[in-house]
Structure formats: C-alpha cells, structure tokens
Amino acid sequence: MAAGDRADRWGADPGGARAPAGGPGAPRPGPGGAGDRRGAGRARGPRAALLAVGLPRSAPPREPGLGRGAGGVAGGGGRPAPGGSAVGHVRRRRLWRRALGERRPIPRRDRDREDGAGLARGRRAVRGQRRGGVPRAGGEDLELGRAQAAAGGQRQTGARLPGPRVVSAVSDPTPQESCRAPLCLLSCGDAGELASSVARHLMIPLTPSRELWFACGEAKHVIDANIRGCDCYVFQQPVQPGSARSIYDRTVALLHAVDAARFADASRVTAVVPYLPGSRQDKRKRHVREGVTTGLMARMLEAAGVQMVITVEPHNEAIYGCYDPSRCVLEAVSATVPFARFLSTAGLTCDVVASTDVGGLEMARAYAKRLGKPIAALSKERDYSKSSAVLNTSVIGEVEDRSVLIVDDIVDTAGSVASAVRSLWDKGARDIVVAGVHLLLSGPAWERLTELHVEAAQRGVSFHLAGTSSVVHPDPPDWYLQFGLEPLIAQVIRSVNTRGSVRAVEDS
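In our numbering, the protein residues as written are 1 to 508.
Simulated from the structure, these hints should not be mistaken for laboratory data. We treat Cβ as the ideally placed atom computed from N, Cα and C, and that holds for glycine. Wrong hints could be hidden among the right ones.
Ranges of calculated distance between the beta carbons of each label pair, as one might list FRET restraints [to be verified]:
1) 327 <-> 359: 24 to 32 Å
2) 208 <-> 346: 33 to 41 Å
3) 293 <-> 508: 31 to 39 Å
Using the sequences and the hints given, assemble the complete structure.
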C-alpha cells in the first residue's frame with residue numbers, strides 16, 4: 001500500500017506517527033465533531049502499541065458481504081478495501097492482534113482445536129453427523145435402536161466428530177472405520193435362516209418384517225420398524241428345494257421388499273442374493289428368438305430401487321455389462337479362497353483339479369492355484385435342442401490313478417457331473433469330489449448323484465459332494481458337505497458399509 005494511501009485511510013503519515021485524518025498536526029475528529037484530545041502519551045496498555053505502529057484503535061474495516069477466507073487470514077476474513085494491498089492488510093491485522101496481547105483465540109484451519117471443544121473453524125462436519133446421542137435411524141421402540149443407545153449413545157467430547165452415524169451394535173469400529181449409515185438387515189420369507197446367521201456374525205439384530213401372501217398368489221412386504229436413513233440389506237434365496245413357490249415367485253417377493261424399504265426412506269438399498277436368477281442366460285444365440293434374462297433381471301432390480309446387488313460366483317463375468325453402475329452396482333463375490341480352505345480342512349484332498357467343461361477352466365485354474373495342484377478339463381458335447389442334455393464327454397489331462405476334484409459354479413440336474421465322473425473313472429481316476437458353489441439339484445439330480453455314490457462303492461473308490469449355503473437342502477446324505485457363506489457375506493457387508501475393500505475380504 002502506498003504511503004499516501006495509508007495516510008488517507010488510517011490518518012497516519014508515511015513515517016508511521018499517529019496523525020489525524022485531516023493532515024499532520026490536525027486534531028482527530030471525535031464522535032461529537034470535536035477533536036480527540038487523547039494523545040499517545042496518555043494511551044495505556046495494548047492500545048499504546050497501536051499508536052506506536054500507526055494503527056487505529058479498532059480493527060481494520062472489511063468490505064461487507066465477504067465471508068471468512070477471502071483475505072486468506074485465519075480468523076480475519078474479508079478482503080482489504082479498494083486501493084489497499086492484500087499483504088499490507090494481512091500485516092496490519094497481525095500487528096493489531098499482537099498489540100492486543102493475543103486476547104482473542106486464533107483457530108487453525110489445518111488442525112482441530114487443542115482444547116477439544118469441537119471442530120476447528122473452517123472445517124465442516126460430514127453431512128448427517130451429529131455431535132452425540134443415539135443415531136436418528138433405528139426407532140425408539142426397536143431393539144436395534146436400544147442396542148445402538150446402549151453401545152454408542154455416549155456423547156462425543158473429542159475435537160473430531162465420528163464418521164456418519166456408526167451403529168455400535170455391528171461391532172465396535174476402529175477409529176479408521178467410517179460407516180456410511182446405520183446397518184439394517186431385512187429378510188424375505190424364504191431367506192430367514194441366511195439373514196439371521198449373517199446378523200449374528202455382524203452382532204446386530206435382524207430388523208422385524210413380514211412377507212404376506214394372499215390366497216390369489218399376490219404378496220406384499222411389511223417392515224415393522226423405523227429404517228429411515230439406514231443402509232438396508234435385503235436377503236433372498238430364490239431356490240428353496242421342496243417349496244411350493246417358484247424362483248420367480250421369490251424374485252417378485254424380493255422386489256416387494258426392496259420397494260417397501262424405498263418407501264420407508266432407507267438411504268441405500270442393497271439386494272443380497274447369493275444365487276442370482278437368470279445368470280446363465282447371459283447371451284443370445286444366433287438365429288434363435290430368445291431374450292437375455294440376465295439383462296431383464298438387472299433392469300427389474302434397478303427399476304425397483306436397488307442400488308447394489310451382492311451375489312456369489314456369477315455364471316459369467318459378462319453379467320457386469322447388464323448393470324448400469326450409475327444406478328445399480330453389481331458386487332460379485334468370489335468364494336474360491338474360503339471354499340478351497342474348507343475342502344482342505346474337511347479332508348477332501350485331491351491330486352488333480354478338473355472342470356466339467358472348457359468354459360469352467362478359469363475357475364478350475366483358480367482352485368488349482370490355491371491348492372497347488374495340476375489341472376485337467378472335460379469337453380462336453382451338448383444337444384442344444386434340449387435343456388441340460390449332454391451327449392458325450394472327453395477328458396483332457398492326466399488323471400489315471402489320481403484323486404480328482406471337480407469344481408463347477410452351478411449344478412442343476414447333475415447330468416454334466418454324472419457324465420464327467422464316469423468319464424474320469426473310465427480314464428483310471430480314483431476318489432472323486434464334486435464341489436459346486438450353487439447346488440440347485442433340481443429334477444433327477446439327487447437320484448443321479450446317489451447312483452454315483454453307489455457305483456463308487458462298487459468300484460472301491462469314494463465319491464463326495466460339497467456345496468455352499470446359497471441353496472440349503474433339507475436332510476442331506478452323509479456324503480454331502482456344506483460350506484456356510486454367512487461369514488463371507490457378513491464381512492462383505494461390513495466392508496461395503498464402512499467403505500472398505502471387498503477384494504481384501506475375498507483374499508483373506
């Protein structure tokens with residue numbers, strides 16, 4: 001700022017001596033128009049320093065309407081009046097504060113206040129945060145809300161506010177965790193066991209809800225709790241052996257539950273469907289007038305308001321292209337690592353890992369890499385004029401006098417499995433274990449598998465079947481082993497809710 005400007009604005013000469021605004025030696029006008037008789041010699045305390053540096057007794061003026069940060073001064077705000085220098089303005093304000101003995105605290109932009117009274121000025125809390133108390137969602141009469149109040153209802157007194165409304169009933173989050181919203185687990189009528197098991201692993205109660213079916217075959221879903229603002233996960237198992245309802249009945253029931261959650265003002269709705277219906281119809285064969293069911297299912301879920309779909313081992317990675325990530329994100333979880341660990345601990349050892357067809361080589365290669373075993377493949381010749389019809393199977397690889405692990409993602413009627421097992425036995429293979437992620441086992445599947453078990457006993461070898469809890473079979477035989485997906489799904493939900501890595505969960 002020029003010396004003349006300083007004299008005009010502040011009533012000080014270029015040398016820094018105190019002078020009236022009318023010129024050197026002129027008295028300073030007071031409030032009543034008379035001259036100000038208070039001289040530098042009569043000033044006492046910090047005000048004397050103001051006179052020494054040629055600054056006014058009050059703070060430099062700011063332009064109206066300019067908020068904090070425009071001048072770049074912590075705690076100052078505003079920008080210098082026209083004709084002044086920004087650097088000079090900053091210096092004058094610092095001198096003014098120093099002259100007053102730093103009586104006013106100067107908060108810092110780059111860190112929290114040391115006294116722990118709250119956030120530093122210049123920082124904003126994350127949207128939806130509150131300083132303490134029970135989170136908004138959960139309801140006063142709901143056990144979920146009581147658990148949250150008992151575990152995390154104390155008032156926060158630290159300088160930094162916690163993440164967006166952590167539900168302490170999930171588990172005590174580490175300081176680095178930041179939940180996007182309170183967890184809420186809803187179950188469709190046929191997925192109660194799966195949802196309850198996941199809730200136990202997450203250490204939170206299952207949100208009460210009801211699935212009502214009318215005599216005409218229509219249904220609706222009723223939520224008996226307040227889930228406003230919650231991160232909601234809706235569980236459904238479309239395949240239920242022995243049930244009178246079809247896969248599409250349960251799919252529509254899932255849409256009812258999602259719609260109810262959206263009307264209840266849940267902040268986010270995620271569909272947890274370990275086996276995704278229609279995932280095998282992911283392409284359209286040439287000269288065949290058929291639809292792509294995978295894309296149809298994706299559009300239905302998106303239209304209902306689902307923002308994320310969590311599934312396990314989809315049939316084909318091309319399914320990702322059916323979902324619009326701006327509306328609905330597909331989170332396909334791989335169960336290779338935990339399932340392979342389960343097979344090893346269960347004593348189902350093998351010498352070779354094989355796939356039921358060439359298309360499953362990638363999955364077989366993943367299991368072989370995890371178990372440290374060689375790989376073999378079976379080539380199937382299908383009759384596409386019929387559903388699930390296999391004409392011939394040939395073996396690619398060395399399997400003679402070796403135990404074989406056959407891996408597949410979906411086992412429906414078990415026709416391919418029966419053909420593959422007999423082809424391996426014909427090539428000299430010994431003990432065989434069939435491991436499928438989704439064992440639908442519809443139609444004559446159990447009959448065919450039982451015949452394989454009897455034939456293995458006649459050959460002097462063993463036959464075992466292993467599956468996951470994506471499809472629960474009542475009263476299974478003793479040669480069937482089931483791997484529970486509930487711990488894996490619970491870890492995935494926790495990672496999604498705390499903005500963590502799902503890939504790290506798969507590899508753990």
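Consistency of the hints with the structure:
1. Checked against the given bound of 24 to 32 Å, the beta carbons of residue 327 and residue 359, roughly 29 Å apart, stay inside it.
2. For the pair residue 208 and residue 346, the supplied restraint of 33 to 41 Å holds, since their beta-carbon distance comes to about 36 Å.
3. The hinted window of 31 to 39 Å between residue 293 and residue 508 holds, with their beta carbons roughly 33 Å apart.
In summary, this structure violates none of the numbered hints.
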